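Chains as they are written, first to last, in the numbering used here: chain A, 1 to 251; chain B, 1 to 215.
Think of the hints as simulated: they come from the structure by calculation, not from any bench. Predicted model only: the values in this text are computed from it and were never measured. Be careful, since some hints might not be right.
[To be verified] Stretch-level coverage of chain B by chain A, calculated; a stretch enters the list once three of its residues show a Cβ under 8 Å from a Cβ in chain A:
#1 67-77
#2 142-150
#3 155-168
#4 188-194
[Said to hold, decoys possible] Simulated restraints on C-beta separations:
#5 B:Asp-111 to A:Ala-68: 48 to 58 Å
#6 B:Ala-110 to A:Gln-211: 58 to 68 Å
#7 B:Gln-210 to A:Ala-210: 43 to 53 Å
From the three backbone atoms N, C-alpha and C, an ideal C-beta is built for every residue, glycine too.
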Amino acid sequence: MRRCRLVVVAMTLGLLSLPAQAIGLEADGPGVVGQLVDWFVAPAQWHGPASLPTRIVEHLYYMTSAMAIALLIALPVGIGLGHWGRGGLLAINVANMGRAVPSFGLVILMFLLVGFGFVPVLVALVALAIPPMVTNSYVGMQAVDPAVRTAAIALGLSRWQRLWQVELPIAMPLVMAGIRTSAVQVLSTATLAAYVGLGGLGRYLIDGLAQQQLAQVVGGALVVAVLAVLLELLLAGLQGLLVSPGLRRNG
Amino acid sequence: MSLVQWEWVARHAGEIGAQLGQHVLLTGLAVGLGLMIAFPLALAAVRWPRFYGPSLGLTGILFTVPSLALFILLIPFTGLSIATSLIGLTIYTLLILFRNIVAGLRGVPADVSEAAKALGYSRGRQLLQVELPIALPVIMAGVRIAAVTTIGMVTVTALIGQGGLGQLFITGFTLHFTTPLLVGFVLSIGLAVGVDLLLAGLLWWLTPWQRGRAT
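With the rest of the complex left out, here is chain B (with noise of 0.2 Å):
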């Protein structure tokens, strides 16, 4: 008996197509929300390095969290629904997406910031215009973990009803039939790589004067 059968995927072409595209959109929207809600955390703790401490002992404790249990835990208030997942990768990005962010933003040298204010800038100009792309490669860094994390994660959620890929392992565990299981395993390894690949292009593509540089 083969590990694939090729028959089986052609026949199941379109579902494995639409759980592909749950997985690429829980995937995005987790990674949106936790860059929007991860970019004011970061700024205010910038702004005041009190905060730093307790935001990140906030975020490092809900990363502890085994994830199947924090989509649980979540049930009560949300449901068997996509909020539920949703809201629990959310979480999971933070603690990534917050960390770098504030890496990214410190690491701007302080005379490069010093001559934006001298030239002028408005406070909110010198973050968008000087700040920001300087601390970008860091920034990048953590939404590309953020994002590969996730994808793993969202396979998880399969458990609670939603799980893009992670529905195929649950009809290859069902039916003892390696077929799925192994598509769903190969696409979400071959997603993640591709997101990470597409991302790291993309740094590549909003830094110009960083090309060439030894990374």
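Just chain A, same shape as in the assembly (with noise of 0.2 Å):
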């Protein structure tokens, strides 16, 4: 898996190295390649308001924040839902729901009905944020061996030592996918934040389209992409922290 993904790395950016023809966007002097490596190095990229790192930080804020409010709700409804196994029908299909409202329009409804500002943004991403969890850690909950859990309640464990030391765990694989997904749906919705006036990376993609900026466009493209390749190995690694090595060992 990790040879491969450093192929696809490899392969990318073979593939920006041709140069640049047949673009719709200003691209002439040196090839894409060389336009990004000024870009890249440009002072405007590493001090003041505009820098990438100050990008980066406002973009992760977006992410974190969001999916700290979509995390305490989801994962209450998701999991409670699943051990009480109530309201499965909705548990289950808030995802597919989830799936067909488009993230660009939510981010614009928003702000047309509340008006510039942060908040708008944070309402859709932690709307976003919401099903794929709901939904993923409910069907880890349900899929608990009954024997598990009758097992369980013969050893006199409490119910919520049940919840705690003996379900939660066994779905946390399921739990941990769904939070996976949420995180890098919005990760790649914050860029949208830029759009209705916010800032983030989302800014050098959306100033770069309008102002016909090749390099800024693609550097910044490139800036999300590989954050968000980055975000899922964090999690998938933190995924195999927190997954109990007996259940590892059964795959």
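Fit the two chains together into the complex; they arrive one by one in their own frames, and the hints show the way.
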């Protein structure tokens, strides 16, 4: 898996080193790579309010605040419903319904209804992050073997202990799968925050498209792409730590 | 001020219809191309299991890349054209389709395949007449997810000049006017739900032996 990820990165870089031709955007002078390198080493990218570090921090701030709120809502709901075996139809279908909602439209809708600011974007991001986590944690809790549940009761564990020490650890791979899906989606949609006037890495994409600056657009897109891949790898690693070794052995 | 001015909708019905048409076209082409690419890949992955991990890793990593970023990374090659949108959308359908086709084909009971072989079916006939029909429900589940996801994602391509109903979002944003936005929003969700139901119906029609069974 890891080796093939490296191959993909290498392939992407190789493709980008082709000379820019047949481009709608302006790409005169050196090829795309030359422009990109110039863009990345320019002082404006490293100092000041529009620098890469600032934009990355803004972007991560949007993502983490939305994920924090969504986690606090989605996990108790999904885990609770799964534990008590209630509301299954809703819990299972909410992810499908969420997929049908166009995130771009939702961000603009919140902007038009609430106005400029962080809150409308936050609401849109939270709304997008909740469904996958509810569905996955519900399914994970439901999939716990009834024999295991009964055994836990027979051992005299309280409801709380059963939830925390037996059911949740078994459901953890699916709970984490939901968190990964949501986190990557929120990171991705956070680029659209720039469209309604906020910061974050989307600024490079939106401004670059508007100003027809290929280097800025592609440079920003590369940074977002790398950030998303890193987030996915980080969460995969976290999942490895959180999932009990006994479960891992059984695959 | 009401959220939707029906007068605007009536005046722009033609334009709305055209964007809806482009939306359907982009989605259909992306899912169709995705199927055409994912299918041979999945067959190879089932035949040579060592191929499965790397393919899943490759499609998985592409799936992680934010859609807007992926569309933009294609601009140096294909410009602000419909090809850019189409290639990007197709890439996103790949992971979902590939994973489900492999799961579907792997789910075919070994004794059924062996029975087909014993009956003298050629490899191709065995695939088309025995394995594919059995795998169809799982494959169709993938096609449904891919189609619904793509319908949402098409709107993002409005930022690179395509977008179907996404163009209505941009109109709504630039005019600070909720009517086009809501029209696009509702049509996009409606299209997703409609296509999902249509594909579910198609599966029902294609798999008469499954009817009456609890799914």
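Handout entry: Enumerated hints in conflict with the structure, sorted upward
Key = none
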